[in-house]
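Asker: Chains F and U supply the protein sequences, listed in that same order. Going by the numbering used here, the first sequence opens with residue 1, and the numbers climb by one from there. Going by the numbering used here, the second sequence opens with residue 1001, and the numbers climb by one from there.
Do not take every clue at face value.
Claimed, not checked - Quick list of in silico lysine-lysine cross-link-like pairs, DSS-like style, CA-CA up to 30 Å:
1. U:K1048 <-> F:K63
2. F:K110 <-> U:K1045
3. U:K1173 <-> U:K1228
4. U:K1045 <-> U:K1082
5. U:K1048 <-> F:K110
6. U:K1045 <-> F:K683
7. F:K759 <-> U:K1154
8. F:K437 <-> U:K1242
9. U:K1023 <-> U:K1002
10. F:K700 <-> U:K1082
11. F:K437 <-> F:K414
12. U:K1082 <-> U:K1173
13. F:K683 <-> U:K1154
14. U:K1242 <-> F:K436
15. U:K1045 <-> F:K47
16. F:K683 <-> U:K1002
Said to hold, decoys possible - Derived coverage of chain F by chain U (criterion: at least 3 residues anywhere in the stretch with Cβ under 8 Å from a Cβ of chain U; other residues may be distant):
17. 133-146
18. 795-809
Treat the hints as calculated values from the structure; they're not laboratory data. Keep in mind it's a predicted model, so treat the numbers as computed, not measured. Ideal Cβ placement from N, Cα and C applies to all residues, glycine included.
This is what each chain is made of:
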Amino acid sequence: MSTQNQHKIIGKSECRVDAWGKVTGRAKFAEDYNVGHQLWGKVLRAKHPHAKILKIDTSKAEKVAGVEAVLTAKDIPGSKVFGIVVSNQAILAEDKVRYLGDGVALIAAKTEEIADEALSLIEVEYEPLLVVTDPEEAMNPETIKIHGDDNTFVHHKVRKGDVDKGFAEANFILEKKFKTQFVEHSYIEPEAVLAEPAEQGGVRVTGSVQNLFSTRRSTAAALNLPLNKVQIIQATLGGSFGGKDEAMTSMCIRAALLCLKTCKPVKMVNTREESMLESYKRHPYTLYYKWGVKNDGTITAMEIRIIADGGAYASMSPFVTWRSVVQATGPYYCDNVKTDIYAVYTNNNYTGAMRGFGSPQVNFAIESMMDILAEKVGKDPLEIRLQNGFERGAITATGQNLEHNVSLKEVLQKATAEINFQEKWKKYRSEPNTQKKRGIGLACSYRGVSLGAEGTDAVGTIISVQTDGSVIVSSGITDMGQGAQTQMSQIAAEVLGISMDRIQFLNTNTSRVPDSGPTVASRGTIMGGSAAKKAAEIVQATLLTTASEMTGLDVQSLELKDNYLIDIESGQRLASFNELAAECFKKGRPTYGFGWHKSPKTSWDEDHGQGEAYFTWVYGANIAEVEVDTETGKVDVLNFVSCHDVGKAINRGAVLGQIYGGVAMGLGYGLLEEFEIENGIPKQLNFDEYSLPTSMDVPKIKAIVVENEDALGPFGAKSIGEPANELAAPAIINAIYNATGKRIYELPANLERVLLGHKLVRPKERGSVLKEKDIQAAMHRAVYELLPDGTFYAEIPGLQGVYANAKSLEECREQLQEVLEKEVA
Amino acid sequence: MKPFEYISTKSINEATQVLSEYKQDARVLAGGTDVLIELRRPHAKIPKAILDISYIESLNGISESDGLIILKPLSTHTQILKSDLVRKYAQLLGIAASQIGAPQIRNRGTVGGNVMNAATCADTVPPLIALDAEITLRSNGGSRTMKLVDFFIKPYKTKAESDDVLIEITFPKLPSNAQSAFIKLGRRNALSISRLSVAAILMQDKKGLISEARIVPGAALPTWMRVKEAEEMLIGEKPSLKLFTAAGQKVSEVMISYTGRRWSTEYKEPVIGVLVRRALEGCVKD
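Throw the hints in and build the complete structure from the sequences for me.
Answerer: This is how it looks when you write it as structure tokens:
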């Protein structure tokens, strides 16, 4: 019944349209753009995570030879803040700084070295304020406010049935707390832009930008320019993972400000340290899950309370947490649900969009809870999920009726069968305690496709057939490495009956394609692809009409295939695609198609937390098989199965690539990655200390692609980018439990958490009052030294074993004092 | 980055000459896996001159002579891990070299750089100390040789003067009745900085009793040393799990006696013992 065999290009692992450029080094990333007379732009960042700015003196910096502009917030002609949902993110801090990545002043100079020197001459007077780093503390009415009069800036809820009634019906209650960490996107290319004065006034910015249209809106508002005078051009992106939104918007605005001030091109490139210091992260969540359960494993009530650390600015928190609130119960039947999620301001790095967008956090909690439940009622992880999992016609927690093919059980069954899950799970849990123990874990999810009721969801794609039969495609959807341009090209090629080598895809330029919203939420293929299909169909109709006139044959008897016009009945080639294109030109027919696709209707009632949240959903299941070193806490992932229903794989290779990459990234989330911020100061600013998984840590991954074509996607396609990333961590955590019988409630499951059950934290308590004097006296004798690796070393002469080594002097001093206190004790 | 002078030389004499002239203002470059990173750090202290010694051919190579292995300082980790001499007479050193960084770093990074940089997590140092290595430094004033174990003062601080060039590392070949092991614990399986490590060598007599034992933990103590208290427990004993476990516990106790109880002790205390036990077990495998 599948239409698979009819497709020429859809479903094939066609070569990516960007592959040659990237593997031969011809691809131009933002940093590769240089023009004559360009200046270097640099940012002076905050000295304190939370402080009032009393005075900024730029006079010395201005006098440095080669400095062409020094700007502060007062020099911004238009809006001094930006933000898609809540406009409060400072382009440059004006009255106060709210986290260490805040920009305070800008410099444009002839060289980077001059800019650096001038930066060091800007004098800023601060009045430090209390630093708020714990989101639950931030919610306390007594706590100092970071913006306005409330640190809690988002509260989404879902209400279904009556949880009190549900808990009363339960045989027992499961109540657990989970915590997740800050995570860095780790795009390989740090932020970079080149801003140039445009000929007709205004500015043209070429950059490593993910969401060009929102960047344009904010840049235009800051510059007081109409949208048509601000052109944002996408350079080839070296990765984004949701990370090149606000981080790039602020860089674009800053470069544009300097550019308009100096009337010269301005280039800005972040170092990795600047990038990690300033950029936003994935939200840490604190999740309180309380389930009412019957002895047979039925869930009677779910009460969920989640606090998301929004950091210094609102960014995408309102949308990220909205996805979380919609998906917080997982794909499981439950009549009584009460979910509340809050996002709060702190003086940590702000948090925003990152691959998964609010799902990796809740999936960790949900899928851990599911395994806890299974254990309680004596079932295995598969049985409990099959018992409670959604089927077609299920009503979700938000009251949405799932009328499409709900393939949750299909993906669960295919994944578990692949690796013999149940048998292994039973075997591993009963094995005796040894140094190395194996375990296997399962996790599944459902995920709303595209933006959902978050906002307007529409995309434009343009296809233009040239007179020689070559084709140009462009779209408002950005390719950041995920392959959007390839999917859209394949769809265009399929409809036009041409080979992929005829297509040239242009990088997105805000002045040449209509505002298509952001490239987020795994909407590139389903939305951009649908628009591409419509555009191609418009051109196809023109071509076939012209062909009909040319041949005298009926349109219905003609088709475009393999670069030719074909007579369907005889299979005879009537003309080449090139000849047909030339004929259209001769006849004055436009071979230009503009496709606009608007998503089907969704709905949301914010007061009751009910609605048709997303127009369709995808389903996935992951299985991790691990080996735990029970004496050191080291976890190795040995095998992995990742099964996803993608609707239809437009490019099979690209789907596999998304699955492999998603698992690797999820493995980092589960085991290794943690962007630590202590008292508002980030501890890891480069990849020597922020541990990403290497190829030696990623196991063999078996990807299973399930294709239940969806009526709402182009050729049945849905999405895979984020689903691929949102399940690996809970599968690994469940596998660790299967191996050790110890459950990890906080991510990542690093050496210490697996061995000791908790993270190592520096104790906060200080020595007793009596000893305080001795300690202070000894601390006065401490000798500090800056080591060549940039860290500080301290020791107290005469006291053996009392030494410390840390990244900052302050940290080093604190560490030394702790060691000393222990020594004295 | 501020500009600096780049000086490259092919002779040891010229190198010491340059260093005696620049003293602390020069930084020696061998493989560059530490120096380049330091230079690029924000607010890095940029030296006046970088002295590139990587073209001095006489400082490269692994050879044997009179029962000694002569390890020239420019030998890369890759050279060490591929060396037949190392495999035969100093297996633990080859294991350590093979676990440093990733292939690119192993191809560039040198053993001399690892020693001279003296980072707490330097992976070739514990094996070299267990092998009883000596080093020879040369300056304009002449050469001097010392035990490697005596060379280190504290992390990143050695007894080398600013005009010293490391010209040789030597150690006796391990006899045929010796077995050795190196165990490294990192957070991931490559490009990983040692959280803890242990180098161990055991020799057994004909009756199977332990006649000599050497244990050197890495990233555990303020500076590297053999843990004599644990080594002595093993002498004259028959290898057993109980014995090795006890030796591990002893190393753990000794570690705490030097470092005091720190916030990381809760983890390191049990784990260093485990790694010592495993390293010793690795020395009696056949």
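Asker: Each of the hints needs a verdict: does it hold here or not?
Answerer: Here's how the hints hold up against the structure:
A C-alpha spacing of about 27 Å is found between K1048 (chain U) and K63 (chain F), which places the hinted pair at or below 30 Å, so the restraint holds. Between K110 (chain F) and K1045 (chain U) the CA atoms are separated by roughly 23 Å; this keeps the pair inside 30 Å, and the hint holds. Restraint check for K1173 (chain U) and K1228 (chain U): satisfied, since their Cα atoms lie roughly 21 Å apart, inside the 30 Å limit. Straight-line distance between C-alpha atoms of K1045 (chain U) and K1082 (chain U) comes to about 36 Å, which puts the hinted pair past the 30 Å bound.
Taken as a hint, the K1048 (chain U) and K110 (chain F) pair is honoured in the structure, with Cα atoms around 24 Å apart against an allowance of 30 Å. Distance hint between K1045 (chain U) and K683 (chain F) is fulfilled; the C-alpha atoms sit about 21 Å from each other, no more than 30 Å. Taken as a hint, the K759 (chain F) and K1154 (chain U) pair is honoured in the structure, with Cα atoms around 28 Å apart against an allowance of 30 Å. With a C-alpha separation of about 22 Å, the suggested pairing of K437 (chain F) with K1242 (chain U) holds against the 30 Å cut-off.
Using a Cα cut-off of 30 Å, the hinted pair K1023 (chain U) and K1002 (chain U) holds, with the two alpha carbons roughly 19 Å apart. Among the hinted pairs, K700 (chain F) with K1082 (chain U) is consistent with the structure: their alpha-carbon atoms are about 28 Å apart, no more than 30 Å. About 26 Å separates the Cα atoms of K437 (chain F) and K414 (chain F), which keeps this hinted pair within 30 Å; it holds. With a C-alpha separation of about 17 Å, the suggested pair K1082 (chain U) and K1173 (chain U) falls inside the 30 Å cut-off, and the hint holds.
At roughly 23 Å between alpha-carbon atoms, K683 (chain F) and K1154 (chain U) fall within 30 Å of each other, so this suggested pair holds. A hinted pair counts as satisfied when its Cα atoms are at most 30 Å apart, and K1242 (chain U) with K436 (chain F) qualifies at roughly 19 Å. Annotation: proposed proximity of K1045 (chain U) to K47 (chain F) holds, straight-line Cα distance about 21 Å (limit 30 Å). In summary, the hint linking K683 (chain F) to K1002 (chain U) is supported, as the alpha carbons are separated by about 26 Å, within the 30 Å threshold.
Judged by the Cβ-Cβ criterion of 8 Å, the segment 133-146 of chain F is not covered by chain U as claimed, because only 0 of its residues qualify and three are needed. Counting residues of the segment 795-809 of chain F whose C-beta sits closer than 8 Å to any C-beta of chain U gives 6, which meets the bar of three, so the coverage hint holds.
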